[in-house]
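Peer 1: Each chain, written out:
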Amino acid sequence: MDATGILQILLYIAIIVALTPLAGGYMARLFEGKLTFLAWIERPIYRLCGTSADREQHWTGYALSLLVFNMVGALALYGLQRLQVWLPLNPGGMAAVPADLSFNTAVSFVTNTNWQAYGGETTMSYLTQMAGLSVQNFVSAATGIVVAVVLIRGFARHSARTVGNFTVDLTRTVLYLLLPVCIVGALVLVWLGVPQNLSSYVEATTLEGGKQIIAQGPVASQMMIKHLGTNGGGFFNVNAAHPYENPSAVVNLIHMVAIFVLGAGLTNTFGRMIGDTRQGWAILAAMGLLFVAGVGVTTWADAAGNPALTAIGVDQTLSPWQAGGNMEGKEVRFGTALSALFATITTAASCGAVIAMHDSLMPLAGLVPMVNMMLGEVVVGGVGAGLYGMLVFVILTVFIAGLMVGRTPEYVGKKIEAKEIKLAVIVILVFPVGILGLGAVALLAGPSAIAGSGPHGLSQLLYAYTSATANNGSAFASFGANTVLHNTLLGLAMLLGRFVVIVPTLAIAGAVAAKKTVPPSSGTFPTHGWLFVGLLVAVVLVVGGLTFFPVLALGPVVEHLSLASGTLF
Amino acid sequence: MWTYLRSAFVLVVVMTAFTGLAYPLAVTGLANLAFPWQASGSLIVKDGQVVGSALIGQKFNHPAYFHGRPSAAGEGYDAANSAGSNLAPSSRKLIDDVAARVAAERQANPDEKRPVPADLVTASASGLDPHVMPASAAYQLKRVAAHRQVPVEDVGKLVVENTEGRDFGLLGEPRINVLKLNMALDERWPLR
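For the protein sequence lines, the chains are A and B, in the order given.
The working numbering numbers the first residue of the first sequence as 298 and each following residue consecutively.
The working numbering numbers the first residue of the second sequence as 7 and each following residue consecutively.
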């Protein structure tokens with residue numbers, strides 16, 4: 298890796314750290330109800346929904362509202378895909394989407410996964426992209442954020458029975474946060490070259506006299522929310538590698554910042570709302586350590602290039618005239634350095650957009666995205682999902698620390714007791730069940746979907762079930778996922794990874810909200826220092842490492858070793 | 007339960023109206039007023055005919071044109087069906103494909119003895135990569151100059167003029183837009 302590669306990574310980290318208190322402060326004011334300039338739009342919505350801004354819910358009511366809302370949203374999206382052929386805004390003449398693929402896609406977008414078993418420009422009408430997929434991009438992101446906010450309120454309140462109002466929180470997240478940023482951001486993207494139209498596909502006559510049909514569409518509006526909401530569902534098949542989705546490195550920087558800004562900002566919102574911003578920075582520091590380690594490994598592995606290509610006379614060296622490294626499945630304008638950075642960001646967050654084909658990453662560079670997802674995407678993470686996932690690990694960490702010294706664990710003034718630990722363990726167990734359990738069923742029942750041979754074949758299937766369970770959505774894309782079996786199993790994995798995490802998280806929030814706040818004593822383990830940060834990182838790595846190391850050894854690690862010794866498959 | 011369903015239903019309808027219709031349509035309207043060329047796909051029009059998009063690569067086979075990267079999109083540079091090869095680094099097919107491209111490049115550029123630059127023989131992520139790296143343009147320089155019957159230095163100057171640096175001197179990689187370069191070639195030294 299060269300100096301400019303390192304500088305780009307440092308610049309990115311600096312931007313995120315600088316934006317964290319800004320985004321965090323804005324969200325804290327939003328969720329404490331201090332922002333009211335759009336109240337005139339809010340009021341009629343709440344009246345139609347049969348609620349009002351000051352009517353709060355118990356965590357069970359909140360969870361039920363959330364589940365029913367997501368169910369209705371999924372049904373609407375399913376219906377839209379099945380009926381698109383008879384609906385307007387379909388200049389490309391896209392046919393109705395088959396039932397299993399519609400189910401998979403509806404679940405995928407409602408769970409903020411945006412796993413895509415289809416190619417956008419060959420499957421979905423403009424109406425489906427806008428009124429179906431784009432809507433879920435907004436509200437699934439908002440769903441993640443409000444769950445995190447409820448957990449924050451749980452820690453911030455004491456002896457409280459209620460945790461907020463789902464309808465109000467969701468509406469406010471969309472109106473005050475996501476929509477304004479997206480309107481401005483999308484226009485900037487268009488200015489920088491991303492198309493935004495409802496025209497039919499353009500036919501061009503190339504310089505050599507050939508025909509080229511160029512797909513069009515409302516791309517910019519979907520790009521902005523897909524990154525800001527860590528959704529990741531591409532307008533086109535190749536996602537953000539497509540020159541229309543991502544025409545330059547400047548646009549790419551906007552995409553990357555959009556992916557992390559809200560997730561990082563929420564750590565600060567947490568700190569502000571519990572009245573101790575150091576707690577938020579400690580969590581962000583733990584995330585940052587894991588992130589830097591991931592970027593380092595990915596960049597190093599991919600910049601080294603493919604030894605099998607050097608052997609047949611391909612020049613992969615770094616020079617002023619070329620970027621060097623493994624260029625298969627990469628774009629020239631991004632090179633290997635930015636591609637490695639993006640691959641780490643998109644899987645650290647639960648985004649899943651890609652600017653390089655992860656299937657063609659060097660084995661160890663492809664390992665890092667998988668590890669990021671297996672750890673539960675707690676490195677900044679999906680909007681909201683990253684923070685509540687990390688707070689579950691925090692609960693586990695203070696529990697382990699408490700066991701070591703023989704004291705009841707506590708965190709930011711709340712005693713952590715058996716109930717919270719049990720709920721946290723349910724959340725932690727979702728990942729092995731979804732990835733290893735459903736993955737094993739899939740391996741036995743549907744191995745024909747695997748396109749690669751040798752250890753890479755296992756990696757493809759493993760990546761798919763990891764991505765679905767972690768609600769990421771990126772893929773080793775030659776895995777033939779569009780079959781009834783995999784559409785169904787992956788759909789289940791996505792539901793499991795989303796709602797079996799959200800409901801226990803809301804339960805934890807309800808439980809800690811009801812507790813009294815105890816003032817810190819001399820025996821309290823401080824949770825804002827480097828000792829705690831290190832312990833938290835260790836717990837995340839040990840839990841993930843012990844669970845998934847064996848299967849990773851059989852996939853990417855074996856592939857790396859055999860490639861180094863010149864074995865091809 | 008009824009209250010939950012009603013509330014969810016209303017909220018889905020309202021959100022669809024706001025984020026699914028009002029938002030993309032408003033952005034479409036504003037974008038087409040403010041940046042009509044970008045909004046409609048950065049199309050390049052010559053003599054009233056669309057020759058392509060400034061952002062999308064296209065297929066070049068003629069020896070007098072600079073060639074872009076191998077493409078896995080449809081039959082090659084199919085801009086309605088973007089795709090990468092998705093071949094694993096340890097895939098025998100990948101190594102065979104690249105070896106065949108290396109042999110083809112050597113044959114097409116017999117005056118070049120250097121190893122072939124990586125981007126010229128590996129498939130791009132989108133299959134629509136509009137760029138090549140400066141090393142790949144340099145590799146094809148002698149061939150293009152010979153087929154246009156002009157001095158290598160003159161074509162080299164044109165390549166340098168068409169080389170874009172990193173954005174802000176830092177972001178991304180130096181690159182050459184193949185379509186723009188070939189249009190500039192045709193302008194200076196028309197074919198036939």
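Keep in mind that the hints were calculated from the coordinates and are not lab data.
Each hint should be verified, as a subset may be incorrect.
Unchecked claim - Covered stretches of chain A, as calculated for chain B (at least 3 residues, CB under 8 Å):
(1) 489–495
(2) 744–751
To be verified - Which stretches of chain B does chain A cover? Using the computed rule of at least three CB atoms under 8 Å from a CB of chain A, they are:
(3) 99–111
(4) 121–128
(5) 154–164
Virtual Cβ for every residue (Gly too), placed ideally from N, Cα, C.
Peer 1: Do three or more residues of the stretch 154–164 of chain B come closer than 8 Å to chain A, measuring C-beta to C-beta?
Peer 2: This one is violated; 0 residues, fewer than the three required, reach chain A with a Cβ under 8 Å.
Peer 1: State whether the coverage of the stretch 744–751 of chain A by chain B holds or is violated, taking the criterion as 3 or more residues with Cβ-Cβ distances under 8 Å.
Peer 2: holds (count 4)
Peer 1: Test coverage of the stretch 489–495 of chain A by chain B using CB-CB distances below 8 Å; three residues minimum.
Peer 2: holds (count 7)
Peer 1: So is the stretch 121–128 of chain B in contact with chain A by the C-beta rule, three or more residues under 8 Å, or is the coverage claim wrong?
Peer 2: holds (count 7)
Peer 1: Is the listed coverage of the stretch 99–111 of chain B by chain A valid when you require three or more residues with a beta carbon under 8 Å from a beta carbon of that chain?
Peer 2: That given contact holds, which follows from 5 residues of the stretch 99–111 of chain B lying within Cβ reach (below 8 Å) of chain A.
Going down the numbered hints, you'll see the structure goes against just number 5.
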